[in-house]
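For the sequence shown, the numbering used here gives the first residue as 1426, with consecutive numbering after it.
Any given hint might turn out to be false.
[Claimed, not checked] Using 25 Å as the maximum straight-line C-alpha spacing, the simulated DSS-like pairs for lysine-lysine come out as follows: (1) Lys1479 - Lys1465; (2) Lys1507 - Lys1483; (3) Lys1451 - Lys1467; (4) Lys1479 - Lys1514; (5) Lys1507 - Lys1488; (6) Lys1472 - Lys1450; (7) Lys1450 - Lys1488; (8) Lys1512 - Lys1479; (9) Lys1472 - Lys1451; (10) Lys1451 - Lys1483; (11) Lys1488 - Lys1512; (12) Lys1513 - Lys1479; (13) Lys1471 - Lys1459; (14) Lys1483 - Lys1515; (15) Lys1450 - Lys1467; (16) Lys1479 - Lys1433; (17) Lys1479 - Lys1467; (18) Lys1513 - Lys1488; (19) Lys1459 - Lys1483; (20) Lys1472 - Lys1459; (21) Lys1471 - Lys1450; (22) Lys1514 - Lys1483.
To be clear, the hints were calculated from the coordinates, so they are not data collected in a lab.
These numbers come from a predicted model, not from an experiment.
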Amino acid sequence: MAQGSLKKVAKPAKKNARQKQVKMKKGSRTIAPKQNVLVKQKSLEKKLTAQINKNIEKQMSVKANAIGKLTIMKGLAENSAKEMNDKKKKK
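Please put together the full structure from these sequences, using the hints given.
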């Protein structure tokens, strides 16, 4: 009988396969501002943009509801109509 423990069988070396590159996301690249003034300005701009878009969507939904088309926006139109009625009642 041979003396000593059995040697482990060496595994074949893995080939260094290149990983697939992740596709770049669409859109422009922006660097976040670092200065406090610019951070505040950017956050204000973002807030105002969101508010403008929300108002535009409300107007579109009201117009669509008046015509009777665009049933996708019907729920939004009903909500905005309720809000307008509530505001009128408060005045």
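Inset, instruction - Below or equal to 25 Å on CA atoms is what counts here, so check Lys1471 against Lys1450. - result: Holds, because 21 Å separates the two Cα atoms, which is no more than 25 Å.
Legend entry - Pair hint Lys1472 and Lys1459, alpha-carbon separation not exceeding 25 Å: Given that 25 Å is the threshold and the Cα spacing comes to 18 Å, the pair holds.
Inset, instruction - Compare the distance between the alpha carbons of Lys1513 and Lys1488 with 25 Å, and conclude whether the hinted pair is satisfied. - result: Distance ~19 Å between Lys1513 and Lys1488 Cα, so the pair holds.
Legend entry - Restraint status (C-alpha distance of Lys1451 to Lys1467 at most 25 Å): holds, 21 Å
Inset, instruction - Below or equal to 25 Å on CA atoms is what counts here, so check Lys1507 against Lys1488. - result: holds, 15 Å
Legend entry - Agreement of Lys1451 and Lys1483 with the hint, judged by alpha carbon distance not exceeding 25 Å: Answer violated: Lys1451 to Lys1483 is near 28 Å, above 25 Å.
Inset, instruction - For the pair supplied as a hint, Lys1483 and Lys1515, confirm whether the alpha-carbon distance does not exceed 25 Å. - result: holds, 20 Å
Legend entry - Pairwise hint evaluation, Lys1459 against Lys1471, where the allowed Cα distance is 25 Å at most: Holds, because 16 Å separates the two Cα atoms, which is no more than 25 Å.
Inset, instruction - Measure nothing beyond the straight line between the CA atoms of Lys1513 and Lys1479; if it is 25 Å or shorter, mark the hint as holding. - result: With Cα atoms ~20 Å apart, Lys1513 and Lys1479 stay inside 25 Å; holds.
Legend entry - 25 Å Cα cutoff - pair Lys1472, Lys1450: holds, 24 Å
Inset, instruction - Quickly compare the C-alpha distance for Lys1488 and Lys1512 to 25 Å and report which way the hint goes. - result: holds, 19 Å
Legend entry - Satisfaction of hint between Lys1451 and Lys1472, Cα-Cα up to 25 Å: holds, 23 Å
Checked against the numbered hints above, the structure violates hints 7, 10, 16, 19; every other hint is satisfied.
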